[in-house]
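K.L.:
Please put together the full structure from these sequences, using the hints given.
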Amino acid sequence: MTPVATILLMAGVTYLLRLAGFLLSGRRVAPFWLRSLRFVPISVFGALTIPALPGQSGEAPIRFAAAALTALVLWRFSSPWLGILVGMGTFWSLRLAL
Amino acid sequence: MVRGDFLRGFGSMIPLWVGVVPFGLAYAVSARSAGLSLLETQLMSLVVFAGSAQFSAAGLFLINASSVSLVLTTFIINARHLLYSLSLGQRASYSWGRQAISAFFLTDEAFGIVTSQGNYGFAFLLGAELSLYGVWNLSTFLGALVGEVVPDPTVLGADFVFPVAFLALLIPLIRSRLDLAVAAGAGVAALLLAGQIGSGLAILITGVGGSLLGAWLSGREDNPSP
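These protein sequence lines are chains D and Y, in that order. 1 is the number of the first residue of the first sequence in our numbering; add one for each residue after it. 1001 is the number of the first residue of the second sequence in our numbering; add one for each residue after it.
Hints are not guaranteed to be accurate.
[To be verified] Under 8 Å between C-beta atoms, here's a sample of chain Y residues computed to sit facing chain D:
no.	residue
1	L1036
2	T1074
3	F1160
4	G1214
[As the list claims (entries may be wrong)] Partial selection, computed: residues in chain Y whose CB lies under 10 Å from chain D:
no.	residue
5	S1066
6	L1082
7	D1159
8	L1180
Calculated directly from the structure, the hints in this document are not laboratory data. Backbone N, C-alpha and C fix where the C-beta goes; we use that ideal spot for every residue, glycine too.
P.N.:
Right, dumping it as structure tokens:
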């Protein structure tokens, strides 16, 4: 199969997954499942965040420190720009300092 | 009003561009070095539009993996999008056409922005989606042109932008101890499982598991969560 055909198949399954939730959501859903949907972003973003924290460059301690400070700032101000500035700023400063 | 919502959605995504650009560049470079042409590299960003799946695909093209394994890996890594459209479909009633359009551009980031801002309007969603689509495709194009000159993002530490960006999406959603427990539990479980079953499947399983656990635990509380 040519790369273009493979890429189009990848696009097809991705699009079907992205659309499937809409197609299913016309049905009546029990309260339990509705409650569970509220937790989808919380658990998925938790699952995307924590494994990416240590990194593969042996800098886990400073990455954890920078992430902890970022979480604190976001908790207090909930501004994404500020969070990214504090997170990357702390990380790069610690990297240079240590 | 609709145009204002579109621009607000578009603007809400701008802070995340910082994290997207180096990875768009890096994806394009790895896809080119895996033997894909400029056109194929760009095509994947245009029609698949899913960062982690595209990175895995570049790696699989490099080792001449079969088309079947490429498509299955894409399916597993992207399965979480079903949960996003299911959640959006419960919150908003878009027409068929709008479902078809917004599904094509749906990503972790767009879903995160819409959920954290609590704005489920179609114009806001599409603005956020196209904001990311534009910058992802532009950085893919630049990376595919520039080729091997782009430094490895892990050397610069730019990959740290991803957990930081996801933290910025996650923290505003946490309003109770249960929310915090679900986020931390899913994160630790994904970290432990990733080495055993791969990170795509780990994210899928813990995403579903965390949601079910949250629903079960919140059902046991006397007062329903907001």
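K.L.:
Compare the structure with each hint and give your call.
P.N.:
Results for each hint:
1. L1036: holds, 6 Å
2. T1074: holds, 4 Å
3. F1160: holds, 5 Å
4. G1214: holds, 3 Å
5. S1066: holds, 8 Å
6. L1082: holds, 5 Å
7. D1159: holds, 6 Å
8. L1180: With a minimum Cβ separation of about 9 Å from chain D (threshold 10 Å), the hint on L1180 (chain Y) holds.
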